[in-house]
Every structure is written in structure tokens, then in C-alpha cells.
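Participant: Please take these sequences and the hints and turn them into a complete structure.
Protein chains in written order, with my numbering: chain R, 86 to 400; chain X, 242 to 764.
Don't take every hint at face value.
Said to hold, decoys possible - Straight-line C-alpha distance at most 27 Å; calculated DSSO-like pairs for lysine-lysine:
(1) X:Lys711 x X:Lys701
(2) X:Lys557 x X:Lys638
(3) X:Lys434 x R:Lys258
(4) X:Lys458 x R:Lys258
(5) X:Lys579 x X:Lys591
(6) R:Lys258 x X:Lys449
(7) X:Lys324 x X:Lys746
(8) X:Lys533 x X:Lys634
(9) X:Lys420 x X:Lys324
As the list claims (entries may be wrong) - Computed beta-carbon distance windows for the label pairs:
(10) R:Trp232 x X:His387: 57 to 65 Å
(11) R:Phe376 x X:Ala505: 43 to 51 Å
(12) X:Ala505 x R:Ala178: 39 to 47 Å
(13) X:Ala505 x R:His263: 14 to 22 Å
(14) X:Asp429 x R:Leu103: 31 to 39 Å
(15) X:Glu446 x R:Ala178: 19 to 27 Å
(16) X:Lys643 x R:Asp297: 52 to 60 Å
(17) R:Phe231 x X:Asn383: 20 to 28 Å
(18) X:Ala594 x R:Gly337: 52 to 60 Å
Read the hints as simulated data drawn from the structure, not as lab findings. No residue lacks a Cβ here, since even glycine has one placed at the ideal position from N, Cα and C.
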Amino acid sequence: MAALFLRRAGLSLLSLLLVSLVLFVLTRSIPDSPARIVLGEDATAAAMAQFDRDHGLDRPILVQYGRWLEGIVLHGDLGTSFTTGLRMNRQVAATLPVTLELVIVAFAVSIVISLALGTLAAVLRDSVVDYGARLIAVLGVSVPGFWLAIVLIIFFAVDRDWFPPGGIAPLAKDWREHLRSIALPSFCLGVFYMAVLTRMTRSSLLDVLGLDYMRTARASGLRAGRVLAYALRNALVPVVTIAGMSFGHMFGWALIIEQVFNIDGLSRALLTAIQMRDYAMVQAVVMVFTFVFVIANLCADMLNASLNPRLASPA
Amino acid sequence: MPIDLRAKRRHLLTAAGAVAGLSLSPAWLRQARAQSSGGTLTVALSTNPITCDPINMSSHDTQIISQTIWENLVEFDIDGVLKPQLAKSLPTISEDKLTYSFELRDDVTFQNGQKLTAEDVKYSFEYTIDPAHKASRGSLFNRLSHVEVDSPTKLRVILKTPYSPWTAFLTKFMGIWPKGSRELVGDDGFRLKPVGLGTGPGIFEEWKPNDYVSLTKNPNYWQKGLPHWDRLVVKVVPEDATRIAYLVSGNADIIGAPPPREFARLKSRPKLQAQSTPTDGGWCFMLQNNAKPPFDDVNFRLAVAHAVDRKTIAEKIYYGLVEASPVPAPASSWWFDKQAADSLDYNLDKARAYLAKSKYQGDAATFELLTSAEAYLLDTNDCAVFLQAELAKIGIKVVLKKAAFAVVNPQVFRGDYQASIGNFMSPGEPTYMITVSCTPNQFLSKATNFDSPKVAELLKVAFAEEDRAKLKTVHAELQRELAAQSPLTWFGFFASANVWRDRVKGFKPSKGLTINVRNVSVE
Chain R
86 MAALFLRRAG LSLLSLLLVS LVLFVLTRSI PDSPARIVLG EDATAAAMAQ
136 FDRDHGLDRP ILVQYGRWLE GIVLHGDLGT SFTTGLRMNR QVAATLPVTL
186 ELVIVAFAVS IVISLALGTL AAVLRDSVVD YGARLIAVLG VSVPGFWLAI
236 VLIIFFAVDR DWFPPGGIAP LAKDWREHLR SIALPSFCLG VFYMAVLTRM
286 TRSSLLDVLG LDYMRTARAS GLRAGRVLAY ALRNALVPVV TIAGMSFGHM
336 FGWALIIEQV FNIDGLSRAL LTAIQMRDYA MVQAVVMVFT FVFVIANLCA
386 DMLNASLNPR LASPA
Chain X
242 MPIDLRAKRR HLLTAAGAVA GLSLSPAWLR QARAQSSGGT LTVALSTNPI
292 TCDPINMSSH DTQIISQTIW ENLVEFDIDG VLKPQLAKSL PTISEDKLTY
342 SFELRDDVTF QNGQKLTAED VKYSFEYTID PAHKASRGSL FNRLSHVEVD
392 SPTKLRVILK TPYSPWTAFL TKFMGIWPKG SRELVGDDGF RLKPVGLGTG
442 PGIFEEWKPN DYVSLTKNPN YWQKGLPHWD RLVVKVVPED ATRIAYLVSG
492 NADIIGAPPP REFARLKSRP KLQAQSTPTD GGWCFMLQNN AKPPFDDVNF
542 RLAVAHAVDR KTIAEKIYYG LVEASPVPAP ASSWWFDKQA ADSLDYNLDK
592 ARAYLAKSKY QGDAATFELL TSAEAYLLDT NDCAVFLQAE LAKIGIKVVL
642 KKAAFAVVNP QVFRGDYQAS IGNFMSPGEP TYMITVSCTP NQFLSKATNF
692 DSPKVAELLK VAFAEEDRAK LKTVHAELQR ELAAQSPLTW FGFFASANVW
742 RDRVKGFKPS KGLTINVRNV SVE
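Facilitator: Quick look at the structure:
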């Protein structure tokens with residue numbers, strides 16, 4: 086287990102380094118300088134060149150990369166925005182908890198519902214529950230998230246005032262208001278993954294339940310609940326892998342959800358940063374997302390190894 | 242073979258129903274949120290501010306922040322009329338047009354309690370025009386030489402060369418701050434937390450990046466009784482549909498940049514009011530590279546100018562939020578010249594005749610029209626498709642090319658294109674956009690590659706003139722010259738449009754585009 090962890094952790098570090106290099110080169114390939122945003126559309130070429138000089142944007146790209154990486158590795162400094170002058174560490178610290186909460190709530194709800202629904206659909210195969218679960222799964226993967234978000238806002242916030250149309254109310258101020266404000270975005274964010282995981286749980290469980298050793302277990306008189314528990318342990322391996330990846334993907338999806346629900350989270354900050362050619366912010370956010378993605382996958386691998394110890398041993 | 246758990250299905254469904262029921266209990270439903278108003282006025286904008294500092298503000302939307310914190314010697318009111326603000330009256334101008342004398346009001350204090358004096362004005366101007374301070378708007382004032390203080394309330398602004406438009410830039414692009422404050426709080430103070438630095442009705446309270454900027458009422462504001470609100474929240478809501486939802490659900494009181502398509506619908510919605518007013522400086526036009534074929538031929542340019550149905554663009558493409566005009570002057574402005582406009586009327590026969598005279602016939606009568614995928618001030622893509630269809634009627638083929646804003650802009654600015662539809666907002670006086678697009682060494686010079694000595698000469702005359710009657714003649718001549726050369730194809734001037742809840746009183750869209758909330762109250 087420890088060997089697996091070390092192996093995976095090493096690979097994760099390598100991935101982070103590779104992503105940082107590709108990310109840096111790509112962000113520098115964005116046409117036009119951030120100077121255009123800061124100095125305005127009517128900035129002269131001389132003023133823009135001066136801006137680039139002042140911010141080191143005229144230096145060779147590898148020199149810029151080296152300085153940026155040095156800041157992260159040696160000082161934990163994600164840099165400073167060219168456009169707003171804000172420190173990235175502070176920006177990430179202010180917005181990451183919002184996105185993290187949104188993703189965790191959406192992830193937890195989608196895991197609980199998909200496991201329950203997928204299991205029910207598998208054990209009650211071809212029943213009303215199964216058809217219902219499959220219908221929900223198909224709808225969940227087919228309906229575009231941004232469309233669903235706008236429909237929900239119109240129905241529940243504009244026409245009925247049951248939920249706010251956007252923003253996240255501070256938890257410290259009013260926890261009920263906070264829950265109300267996070268309900269719609271979490272639902273919209275989780276619905277796709279809930280659908281995918283429901284289908285995955287159902288099909289994986291059906292596969293396992295049809296295997297010989299399951300038939301033997303039932304024939305030997307084991308209780309249905311015990312048989313299901315054994316089956317789930319094996320059926321969950323692919324589900325955990327997909328769930329681990331889904332957790333990382335949710336940060337990407339959150340970009341659309343945060344934009345539509347006007348949530349000041351890290352994902353939306355990425356979109357704003359791209360629009361404003363705020364290199365430092367784009368780099369900081371993508372590095373944080375990559376880190377979360379890598380950690381989520383590492384956790385999924387470890388969990389799978391504990392569910393199925395054969396995975397921990399080298400091939 | 243599946244396990245038989247059917248006997249337990251009813252229990253499971255009952256439990257699921259109970260969970261769903263609890264989550265939608267009447268207590269939950271009754272938590273309808275009270276409006277967050279009282280004395281708070283919430284304005285939702287599509288644009289994210291990058292600074293509060295007026296000399297570095299690049300977006301007209303977010304200037305609501307700087308214009309509520311800072312003031313200047315004169316201001317454009319919401320109807321586009323230049324009026325004194327911190328000065329007692331409009332300046333007296335010397336005969337050589339190089340000296341502007343101002344007398345300050347004597348009842349103005351900064352938000353930090355310090356009394357406003359002429360030394361503060363001198364300090365603010367000289368800070369802005371000093372190139373070392375790299376004010377992004379500093380170039381607007383580079384014809385200013387220095388300021389001389391005659392007494393605590395009297396001062397003179399000295400210009401290097403006559404340049405009458407400079408006063409029009411004041412409120413929008415700079416402010417007056419206390420002497421020594423730049424050194425005291427630094428650039429970051431002005432940019433991120435400018436507390437007590439202005440004389441305006443709003444005192445900076447908080448900036449939550451990507452979310453909102455809030456200001457509180459200045460209790461010692463020199464215009465007694467103003468502002469009517471206790472707190473102003475400028476909320477950033479980039480998504481059009483969400484911004485409208487904020488307004489309709491009462492989470493915002495006023496919204497900026499309503500999508501033209503939605504504007505008419507929102508107008509008829511109960512509890513909402515919508516209004517638009519043409520801006521004096523909002524150019525809606527087609528940029529043309531006059532150094533590249535086919536726009537290097539004046540006959541081709543005139544053929545295009547005559548083939549554009551501006552009325553349909555204004556009414557059908559932009560739902561009335563553009564005022565049609567074929568010349569660089571809004572039809573409702575004082576400097577509009579009807580003769581120049583009539584010379585570029587929509588007339589397909591004239592267009593065909595000019596095309597026949599041009600050196601670009603048949604397949605050569607083709608150009609690529611670049612549009613931005615994202616809307617800046619107005620969406621240009623529908624307009625481009627319409628233009629393609631219009632020009633096809635006279636045999637000009639338009640190839641549409643859509644790209645990201647960040648790609649289109651540099652391409653246009655360096656002149657690496659043939660034509661592109663653009664929207665630009667200028668300070669609302671007649672010369673600025675013509676100067677930057679039709680004279681050398683300006684930010685649009687390479688984009689248009691048009692340099693006319695006659696235009697430059699007429700602009701020089703306009704800069705040295707203050708009398709509106711005489712200026713009208715100069716501008717008429719300028720428009721006629723531009724109409725004859727057609728270096729750009731003007732469609733019209735976009736409107737400043739806002740939608741607000743009817744509990745907001747005293748609000749009107751501003752001709753300067755930036756929302757003005759000075760006289761606004763919330764019921």
C-alpha cells in the first residue's frame with residue numbers, strides 16, 4: 086500500500102510540473118497583452134510596451150517561467166495580478182472555499198443519490214424504479230447545465246422567490262440563507278455526475294451480481310443484504326475511479342455554474358481572468374485545480390486499493 | 242439474477258418521499274427573502290472593475306464607482322450638458338485659448354474632512370499629467386502644461402496648445418484628491434481602498450473582487466440632501482440572463498447593459514422601468530483599412546457607405562438602441578450636419594454607380610469582415626450578417642470571420658485586416674474619436690491608415706474654438722470632408738440603456754453611458 090502511495094505520489098508531482106510548464110506557455114500564447122485591459126482600448130503602442138517592460142512580460146518565456154516556478158516552490162507565492170494588482174494567494178484563499186463547498190456539497194449529494202438509485206435500479210431490475218432511475222440518468226447527462234441553471238433560476242428565483250437568483254449568502258450571517266443560496270447551484274453542478282454515477286453503479290452491480298460466485302453465495306443461503314454488501318464492494322471499484330475523476334471535473338463544470346449563478350468562486354475567477362488576460366490568475370487557478378484533481382485521483386486510487394487489495398500489488 | 246427486495250420497495254419509497262417532503266417543508270418555503278434594500282441602492286453591471294482610481298479606469302460601466310467617489314471642476318450632467326461641479330461656474334478662457342481660469346466653491350470638503358483648496362486641484366492635475374505616474378488616461382490631458390494657484394479658491398490651468406475638448410474629459414477620466422494623498426496612500430490605496438480621498442457623495446466601503454464594490458453615503462457632502470441612499474452596492478453580474486433575474490427578483494435595483502433583444506420585453510414588465518438615450522460619443526461603425534484593397538479606393542468605400550441600410554440596423558438589429566447616422570455625429574447632437582448625412586444616404590443605385598467607378602469589380606469586390614465573438618458594448622455578429630446580405634445586393638462579397646475579442650483587437654490595431662465592425666465609447670464631444678481614428682500616431686491610426694491634412698487642419702480649428710455657433714460650421718465641414726472620403730462606415734450611435742425597478746426614483750440613463758446615481762432615491 087505504501088509503495089503504491091509513493092509511486093502514485095511521484096507520478097502526481099511529475100504531472101504537476103508538466104502541467105505548470107504547458108500552462109505557462111499556453112497562457113503566454115494568449116494574443117494581446119494584459120496592458121490592453123489595464124490601459125484601455127485607446128492605449129498607445131508605446132504605453133503598452135512600457136507596461137510589458139514594467140511587468141517583465143518582454144523577457145524570454147523560460148525566464149518568466151523560472152521566476153514564477155521559483156516563487157511557487159520556494160515561497161508558496163502564486164504571484165500578483167497584472168490587471169488588478171491583487172495578490173493571488175489572497176485571491177485563491179478568498180474564492181477557493183466557495184468553490185470547494187459547492188463542489189463538495191454537489192459531490193456528496195450526487196454520490197449518495199447515485200449509489201442509492203444505482204443500487205435500487207440494479208436489484209429491482211426492469212421494475213418501475215429501474216426505469217425511473219434510467220430515465221433520470223438519461224435526462225441528467227443530456228440536459229445542458231447552463232440551460233438547467235437558467236430554467237431553475239426563472240422558475241424558483243424569479244417566478245417564485247423560493248431561492249435567490251444568484252450569489253452565496255455568508256454562512257456566518259445566516260446559515261439557512263446560506264443553504265438556500267447553495268441549493269440550486271449544487272443541484273445543477275451535481276446532476277450530471279449523479280446521472281453518470283447512477284448508470285455506472287447500476288451496470289457495474291448488475292455485472293457483479295451475475296457472476297458465478299454471487300450465484301454460489303445466494304445458493305449457499307446467505308442473506309440478500311449480505312450478498313448485496315459483497316457485490317457492492319467489488320462493483321464499486323470502477324465507480325470510485327469515475328467518482329474521483331468527477332470530483333476534479335466538477336471544478337471545471339463549476340465555471341459555468343458559478344458564472345450563471347453569479348457566485349464569486351475560484352472557477353468563475355478563472356473565466357474572468359481569461360477575459361481580462363490576467364495571466365497570473367489563470368496560472369494560479371489552473372494550478373490549484375490541477376492539484377485538487379491530482380489529489381482526488383490519488384485518493385480514489387488508495388480507496389480502490391483498499392476495496393480490492395490486488396490493485397495495491399505491482400503487476 | 243437480481244436479488245428480490247421487492248417486499249421492501251414500499252418502505253424505501255416511503256422513506257425517499259419523507260426526505261423529499263422534509264426538504265420542501267412549508268417552513269423552508271416561507272423563507273422568502275426580504276429585499277436587501279432599505280437605504281441600499283444596488284446596481285448590477287456586466288463589467289468587472291479592475292481599479293477604483295479614476296485616472297486608470299478603462300471601462301465606462303465601472304466609472305460609476307470613481308464618479309461617485311471623486312468629482313472634478315466641471316462635469317457632464319446626465320443630459321450631456323457641461324456644468325460646473327467643484328468650480329462655481331464654467332471657466333473663463335483667455336483670448337489665446339491657452340488659459341482656463343476657475344473659481345472653486347468654498348463649501349466643499351473631502352470625505353476625510355479636509356477643506357478643498359486650489360492647491361489640491363493643482364496637485365491632482367499635475368499628478369495626472371506627469372508621465373512618470375503612468376496614468377492610463379494621462380494622454381487625454383497631455384496638452385495641459387501646468388496649473389497656477391492665485392488664491393485658495395482661484396486657479397488657472399495653462400495649456401501648451403489650444404485644446405477646447407479637454408474639459409469634457411474631466412469628470413470621466415480624473416478627479417480631485419487631497420494634496421499629498423498619492424504619497425500617503427500610494428497607488429494601491431487609490432486602486433483598491435480609496436477611503437476618504439474624494440469629494441463625491443459616496444465613500445468607499447469595501448471591494449470584494451469579482452463580486453461587488455460598496456460605498457456609503459458621504460454625510461458631509463456639499464450638495465445638501467444628497468445622496469438619498471445610505472449605501473450603494475455595485476454588483477458584478479456578467480451573465481445577461483442572471484443580471485435580468487437579479488433585477489426581476491428584486492436583488493438589484495438598476496441594471497446596466499441590458500441585452501437589446503430583452504430591452505423591449507423588460508420595458509413592458511410590471512414593476513420595471515426601462516429607458517434609453519442616445520449617447521453623444523458611442524460610435525457604432527465599420528473600421529476599414531484604407532491602405533489595403535478594396536478600401537484603398539474611395540469609390541469602393543462610397544459604394545459600401547451608400548449600400549448600408551442604417552435605419553434597419555438601428556431598428557431591427559439593435560431594437561432601437563442605436564440612433565442611425567452615416568456621419569460621425571449623432572442625429573440628435575448639436576454638431577450633426579444634415580447635408581453631410583444626406584450625401585451618404587441609403588441608395589443602392591448610387592452604390593452601384595460608385596462600385597462601377599471603382600477599380601474593384603467582380604471577384605475583386607470582396608473583403609473579409611472581422612467580428613468579435615464576444616460583445617463589447619454591443620453584439621456585432623447579427624449586424625455583420627445583415628451587412629453581408631446588404632452588400633451582396635450590389636455585388637460586393639463579404640467573407641465573415643469571427644474570432645475572440647482578444648484576437649480581433651490586436652489584429653485591427655496593427656492594421657492586419659480589411660474591415661471590422663466596432664463599438665467605441667468616447668467622452669461625448671465631437672473630436673476625440675475622429676482624432677484617434679483619422680490622424681497619425683493615435684491608437685487607431687494603423688487600423689484606418691487614413692491621414693487627411695484637411696481633417697487635421699479642421700480639428701486644429703475646432704480645438705481653438707469655444708463658440709458653439711462657429712464650431713458648428715467647423716464640424717459641418719469636417720463631416721462633409723469625412724463623408725466625401727468615407728474612411729470608415731458609420732452606422733450610428735449606440736444608446737445608453739438601463740432597466741430599473743419602480744421603487745427607484747429620480748433615475749435616468751446618462752448620455753455619458755456611465756450610470757449616475759447622485760440624485761437617485763430608493764423607496
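Participant: Of all the hints numbered above, which does this structure not satisfy? Sort the numbers upward.
Facilitator: 13, 17
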